[in-house]
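Q: Sequence:
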Amino acid sequence: MGYDKNMEYHIRLQYVVGQIGQKCMKPLCRKVAQTKGHSDYRSLLNENRVKLQIHHLRGINNGAQRMKNILTERQWFSLYKNSGDKNGCCSVTAREDVENMLDVSLMCKLMEHVFRDYIPVEIMNRLYNVLRVKEQIDGMCYMEESKFEELFQIARKSLIEIAKYTGTNLAQDMVNAEQGEIQSLVDEYTENYLKLRLLLKDPAERIMRSTMDVSMTKAGFKDREELFGNPFVQSELSGKALIWSSNRGCKRSQGSFLGQIFDIKGHYKSVKESVVQCLCSFDFDFIYKLMRDLSVLSLELTPYTKEGVMSFIKNLRDIYGQVMRGCPDNKIGSSDFRRYWRTCEEALKTLLRFTGCSNDEEISVILKMNLRISGLRRGVSSAVDSARNLIWIEVSVSGHYLAVTNIGAGAAGSVLANRLTEDNHVTVLVLEAGGEEHDPLYDIPWNAPAAMMTKADWQFYSEPQEHGCLGMKEQRQYTPRGKGLGGSTLVNGLAYVRGSRYDYDMWAANGNKGWGYDDILPYFKKVENVQIDDLKNKEYRSTSGNMKVSDTLSFGISHTFVEAAADIGYKVKDCNGEDNGWQKGFCRMQAIVGDSIRFHSARGYLWPAMKRQNLHVAINAHVQKVIIEKGKAIGIEAIIDGRKHKILSNKEVILSAGAIGSPHILQLSGVGPKSLLNKLQIPVIKDLPAGIGLQDHVMFFVKASISAKISATPDKINSWWTWIQYYLFGTGYLATNAGVEATAWLCTDPNIQEGSYRCPDSEVILLSSLAEHGDSYEHFNYKQDVEDDIYGRIHGVDDMPEGFTVALETAHPLSRGYVLAQSTDPFDYPRISPNYFENPYDVQPIIRAVRMFQKLLKGKTMQKVGAKLWTQPIRACKHHVEDSDEYWECMIRHISVSGYHHSSSCRMGPKTDNTAVVDSELSLPSMFYRVHGIESLRIVDASVMPAVTSGNTMAPTLMIAEKAADLIRGIKTV
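By this note's numbering, the letter at position 873 of the sequence shown is numbered 873, and the numbering carries on one by one without gaps.
Please keep in mind that the hints were generated in silico from the structure rather than gathered at the bench.
Computed from a prediction, not measured in an experiment: that's the story for all the values here.
You may find that some hints are simply not true.
Straight-line distance between alpha carbons at most 27 Å, and here's what the computed DSS-like set of lysine-lysine pairs gives [to be verified]:
hint	residue 1	residue 2
1	LYS855	LYS868
2	LYS632	LYS644
3	LYS584	LYS538
When you get a sec, could you build the whole thing from the sequences and use the hints?
A: Written out as C-alpha cells, the structure is:
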C-alpha cells in the first residue's frame, strides 16, 4: 500500500472527528441548553460556571489556571466573587468565538464539569469514544488499514448516536468521509506536509548543525568534546535522552542514560559517541536550547543576536516541531504551507549567512540543489519507511534470569517495580496507561476529592443497579480508578487502614495457606514508615518502610469524636495493629501523608528506583491484551503514545491493573468466562471466572450540626492564612486529607461474638464538615431532586453551618458483582456492576450503625458541642415514618455511594475452588499468583483478595505486592 493511502486513512479519520465531530457539538450544546431551560445555547454559555471552564481550558491567564488547578470550584468562585472583577477574564470572549471552540475536547470537559446532570450517560460515553479516537490519532501520521477501520467505526457509530440525540443529519457528511470526496483535501495536505518535511529533514538539519558548530567556536569551545564536557550541556543531553526514549515507548530512568553518557563520578565519558547512539541526531529543539545556554556561558550575546539568529532558530524549531513529530492534525493548507515555507526559507538563509555563506544567489542554489538532489519521491519514501518502522515495534526484554513485563504502576505495580529490580540480573518494564502527575491538585492532601474526575482518573460508571443507587442518574454509580504513576493512590482519600486480623485468618482458613495475619504482619511493617511519635516504637509498627504514614488530626470536631468513644463503651486505640490486630475501637485516621504532601506509591516506591538501569517505565501505554501461546504468556500488545507495540517477555507477565483493569485485560486475552468470550468472538484460551465476584464497600452519609465552631467550613479553608500556613510551614487544614480524620470500628450485632470474623461489622468514618467531599459532591451522580434535598441547606447558603458527617459502611458485604468486557475494543470501558445491596444483609449493619451514631450524639461529650442529628429526608423516602428502620433502608438504598474499594474480581484460592482465578500454593513459589492453567502469568493487585478487607484497600494491596515480590524472587526479606 502506498504512502498516500496510509496518510489518507489518517486525514480521513481526522475529518470525521474534526469537521463532522464539531458539526455535532453546537446542536449538543443547544440540546443541553433546552434541557436546562435556556432560550438558546448562547445564554447557557454565559453561565459563570461555563465561562470559568472555558477560561480554564483556553489558558488565557496562566496564573489563574494554576490557581484553578489547586482550588476547588467553590473556592475559585469565592475568590472571583470577592475580586470585584465582574466582566474581566472570566467573560473571555465566550460570546464571540465560542462557536469555533465547540470541538469534542471542549464539550467533553463542559459535560464533565458543568452539564453532566443534563445529558444521558450513554451520550456522554459516545462523546468519550470520539475523544479517545481523537487522542489516539493526534500524535500519529500513518496508520494501518485495519486500525483505520476499527477507529472509523467507533467514531462513526458514536457520532451517529449523538446526532440522533440532537436531531442532526450527518448522512451526507458520512458519505463524504466514506466514499473519498475529501480526496482533494487529502492530496493537498499530503503534498504540503511532505514538501515541508523534506525541506526540514535535508538542508535544514545540516544548516542547523553547522550553526551550532559556529556558535560553539564563538562561545570559546575548541571542539565538541570540550563542549559536551560542560555541566550545562550535560544537563541538556540527559534531558534530551529522556525525551528521545519516551518518544519510542520505553521511558527509561534518567540514571540509565546518565550511566551511558557519564562515568560513575558524573564526569565526561565518551559523550560524543554516546550521544550519537542514544539521540541519533541533534534536533532543532535541542540545538536551540544548547545555543541559548552557550549565549549565557560565553557572556557575549552579540554573535547570536546581531542577525536575529536565535529568533530564526526558534521559528524553525516551532515549525519543525509541528511537522516532524508526526503530522499533527495534518491540516497544512495552502496558506499555511506558503507561510511556513517563507519562514523556513528566510530562517535558513539567515543561518547560512551566519555560518559563512554571504551571497544570496549562492544560498538559493544550495537550498534548491538539496531539494532537487533528494527528490520529492525519494524524500517521501524515506519519511514513510521511518514512520512505518514505528507503527509496530517488537521489544524483547532480556535478562539473565528474569525479565518481567508489569502492567500497571499503581500501588502494587510500584512496589513490584522497586522490589524486583533490587536484583541486578532482573529487568522490569512497567507499562502505565496514564502519565506522570506533579500538579498541586494531586499533592495537597485537602484536595483529595478534587483529584477525582481529572485526567488521572479512568472515570468509570457502573451498570444500572437494581438494589442500590436508586437516587442516582440512571441508577449508575460513579467509579473512580487511578490512571498514572501511582494509580489510585493518586486520587484516593489517602486513608491507611490495614484491616482486621480476622480478614486474613479467614483467607488462610479458606485454603490460602500463608495468608494468615501472623504471616502477613511483617509485610505490613515492611510497607510503612510511621511518622506518628506515639507509634514509632510499637512492635507491630515500623519506621523503615517506603510509605510515610501520618496522623492528620486538625479540626476540633475530630478530637471531640474520639473523646466520645467512652460514652458508648469503646476505647481509643491504634486500629492498625493494637490488640493483636483486632480492629474494634475508635481511632485517629492515619493517611499516606509525608512532608505535608500526598505520599502516593510512585513517590514511595517507583521514583526511588528510577535510577536503576534495569527498570524501564513506559507511560501513556494502554495494554490491549496479553499474548498467550501454547498456554504460556510471552508478552503483551499495547498502544503507546498512539502507536501499536508488541512487547515480549522471556520470563513473566504480571498484571497489576487493579480490580477493574486486570480482569478486563484477561478477558480480552482469551482468559475469562467461556460464555462471555464466545459472545464477543474471542478465542477461548482458558475458561476461568475472571471478572466474577467483584466486591466494594458502600458509604452512607449521616450528618450532624454543632454549635461550637470546631468543624471545617469554607471560610476557614479559603482564608489566606490557611494557604500561607500550608505553603510556608506545611501545616494547617490543607495538610489533612480532606477532613477524613477519625474512624470507629463497631460490633453492632448482639448475636455475633467478639473475636468472630464478623466483628467488627461496621465502620464509622468521620469527615469534619457537613460537605462530606468538600465541593466535589457532584461526582456522586445524584439526580437533581436528590441533590437539592441533601445539599440545598449546605451549599445553597452564604455561610455553611458548623457540623460534621459520618460515612457508615458494612465492613464485610456479602453482595458480589462483575467486571465484563463489552466488546473486543480495549478502549471500550468494561461493564462494571458491584450489585450493591443485592444481599439484604448488607443493609443491616448500616442501620445498626445509625442507631449507634444517634446514641453517640446523645452522649455528654457530643452534647458539650451542641451536636444534633441533621435530618435530610429525600422525596423518595418521605412516605416512610421518619427514623424507622424502613425509612433508613430506603435512604441507604437511594443515596449510598461507592467506598472506592473494588476488589476480589480475580480471587485467590486453591485449585479446588471453582470461583478462584489465581492460586496461592507456597510449596510452588514459581506458580504463586499464577493464573490457573496459564504459565508465566501472574496477577498482583486488589483483584486477588478472596474477600474485601474491613476498611480501605490501599494498605492491603501494598502488603500483597510486598509479599508477592518475595515469592516471585524466591527469598524471604522479613
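Q: Which earlier hints can't be squared with this structure?
A: none
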